[in-house]
Amino acid sequence: MTRRSSTRNTDVPSSKVPRSRWWTWSIAALVLVTACGTSEPRGIQYDLRPPGSPGVAHTFEELLTEPDLVVVATVADSRPGRVVGAGENDPGVAFEETTLTIDEVWAGDLAVGATVAVETERDASPFSREWRNEGQKVVAFLWLKRDPESAGRFYRPIVPQGILILDGDRLLPAADGDLASEAAALGASGLRDAIVRARSGS
Amino acid sequence: MFRHRRALLVIALILVLALPATSNASNDLGHTAGPNSTVTFLQDNLTSSVHSAFHWNDTNNVEPLDVTTILYHGGRDREVNVHDNDYGDVSWAGRWWCSGWDATFTICWFGEVQIDLVNGVPPSGSYADHLLCHEIGHALGLAHTSNSSCMNTSATHIRWYSAHDKAILNTKY
Chain A
950 MTRRSSTRNT
960 DVPSSKVPRS
970 RWWTWSIAAL
980 VLVTACGTSE
990 PRGIQYDLRP
1000 PGSPGVAHTF
1010 EELLTEPDLV
1020 VVATVADSRP
1030 GRVVGAGEND
1040 PGVAFEETTL
1050 TIDEVWAGDL
1060 AVGATVAVET
1070 ERDASPFSRE
1080 WRNEGQKVVA
1090 FLWLKRDPES
1100 AGRFYRPIVP
1110 QGILILDGDR
1120 LLPAADGDLA
1130 SEAAALGASG
1140 LRDAIVRARS
1150 GS
Chain B
922 MFRHRRALLV
932 IALILVLALP
942 ATSNASNDLG
952 HTAGPNSTVT
962 FLQDNLTSSV
972 HSAFHWNDTN
982 NVEPLDVTTI
992 LYHGGRDREV
1002 NVHDNDYGDV
1012 SWAGRWWCSG
1022 WDATFTICWF
1032 GEVQIDLVNG
1042 VPPSGSYADH
1052 LLCHEIGHAL
1062 GLAHTSNSSC
1072 MNTSATHIRW
1082 YSAHDKAILN
1092 TKY
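Order-wise, the sequence lines are chains A and B. Numbering-wise (the numbering used here), the first sequence opens with residue 950 and increments by one. Numbering-wise (the numbering used here), the second sequence opens with residue 922 and increments by one.
The hints are simulated quantities; they were obtained by calculation from the structure and are not laboratory data. Beta carbons: idealized from backbone N, C-alpha and C, even for Gly.
Here are the in silico distance ranges between beta carbons for each label pair: (1) B:GLY1046 with A:ALA1063: 34 to 44 Å; (2) B:SER958 with A:ASP1072: 22 to 32 Å; (3) A:GLY1036 with B:SER1069: 32 to 42 Å.
Negatives, chain B to chain A, calculated, CB over 12 Å: (4) GLU984; (5) ALA1084; (6) LYS1093.
Chain B on its own, in the form it takes in the complex (with noise of 0.2 Å):
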């Protein structure tokens, strides 16, 4: 009995620390720290396509959550950090990684969005929309999705979360 028990235990730790990492399957990449459903912004000297892209996903697509977030122009590091910048000739348009896990890898307490400049242009118009929709997504938890959302890679014209999406923002924060 005594054994079986201690089975039982072993196997519950496992699970219990390795599940985290499990979680992307389901359109779930953690959660980023914020006391209260709170989450903290830094807009890193946007460009202005950049930063109107911002404030548009702000307002329309995370307000309405139930995610209260804060936004800053400067100071220091903030619990999402929005940056953009030429950097070369690199493949990719936006990233987001986490800079700062806690120790089961679920809560991100600092995160950085980098958004590329090609040869110093800024993405613009609905694209810029659909690129920061995507990337406060992956911020706040989301991954990717074939679903009609802007969490869907080869969908560039959407900038919007699908119910799904906020499904899953809602029971988060």
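One chain only, chain A, in its complex shape (with noise of 0.2 Å):
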């Protein structure tokens, strides 16, 4: 190995085209390339319930009040959950199914310890970053869904947005966008006063 790539420095002198700059190059274009695209998953497209609607925060007022839990989180376990609404060609909605163990409760009644349900969409997944991993902490903006087959069983993120995986007090969206970025940008415990001050009218 040393010795081809001393051979092929003796045909271009070193001062002209260091052995590794092709690679460098290479690397260089590849995370331009990455960083330019959206990282909003390509060939999914989630379209929110209306304004006006229940359980779905259009603004970021509407993420901090709406929810009926708020809670920082730890990923006990996910797996492959219902599937709802499939027929002779429609594929439904097949959900993963997983549970959190709640470490801090910012808003909502629970009691810490306690463990959640969560559905969230598998076959065709809204966010852009996996947080469905054992030992995961997030913060999560969760709405206890009310339909006859859910109801007193599941919780899922009010908006896909609703999910921050955290590190730390620094938190990443899971789902990217607006409401996401603002909440991000305000760390774990300016969030979570946010929402205290949200919640108080104050």
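Taking the hints as your guide, dock the two standalone chains into a single complex.
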């Protein structure tokens, strides 16, 4: 290996083309292209229920106030869950069922140490960053599902942007968008304070 | 010289492979497969108001473009499969996803449009037209926009494509 490299360096003076430069440029190009691209999952588009619908947040204010539960939690387990609405041709919605253990309650009525089951779409995931890994800490803005089959059993993120990956005090959106960016920019402690302020009306 | 060529080749290869992933930024989601600008749709037992909205859009929004549509009411999967159902308490009114990409993520061979019937109640009126306009737009290759278009998620009263959207679609098909 060393001998081969040495031979090539005699063909082209190292001052003109350092041996590793083409690799460097290739990696730089890859990084550039990746950075220019959107992190929204390609080929998957979610369109929220219209403004005014229950169980959805279109504004940052609604993200803070509409959820039934806002928690810091740890993923205890995640596995394929129900398939709802499948038909002869319709693939329906295949859910991932994720169990969260509650570490802190920022809003809502639940005890620390309790577990909740959260359903999110598995077949065409709205998340650009996977968060459903055992041991992952997240801030979750959750809505208790109201349909007869789910009621009392499952929560869901109020919107896909309502899951933020927690790394120390730093937050990373699991799904990109304006709401998640605004939440992440506050950091964990700032976000918790914003929720308290929004819900107290001050 | 040889080394320069090799570097350029590698960079070109990376760009060619990765470029389709950047195209979302320009209101572009790829291209649904279909020879001679023809796209086939399966209307999967749609409820009355969703069915009406689908046809309103086909007549008023899609047919005036350079796209030819063939609509089927049953049978096997087509290039765009339009479903509606009560998917439980989900946060979305509609979604589109490509269930079969080509190797470069440029051409979608099979895509699914799903319209949620909230508590079994379908969308109706101009909102249904907006929603179908929006999801068909995704299926044909349009991403979200802030323009005056049904592709603008904040403008739920708009049931038309913008001139910019039409130009994109006419370039694709």
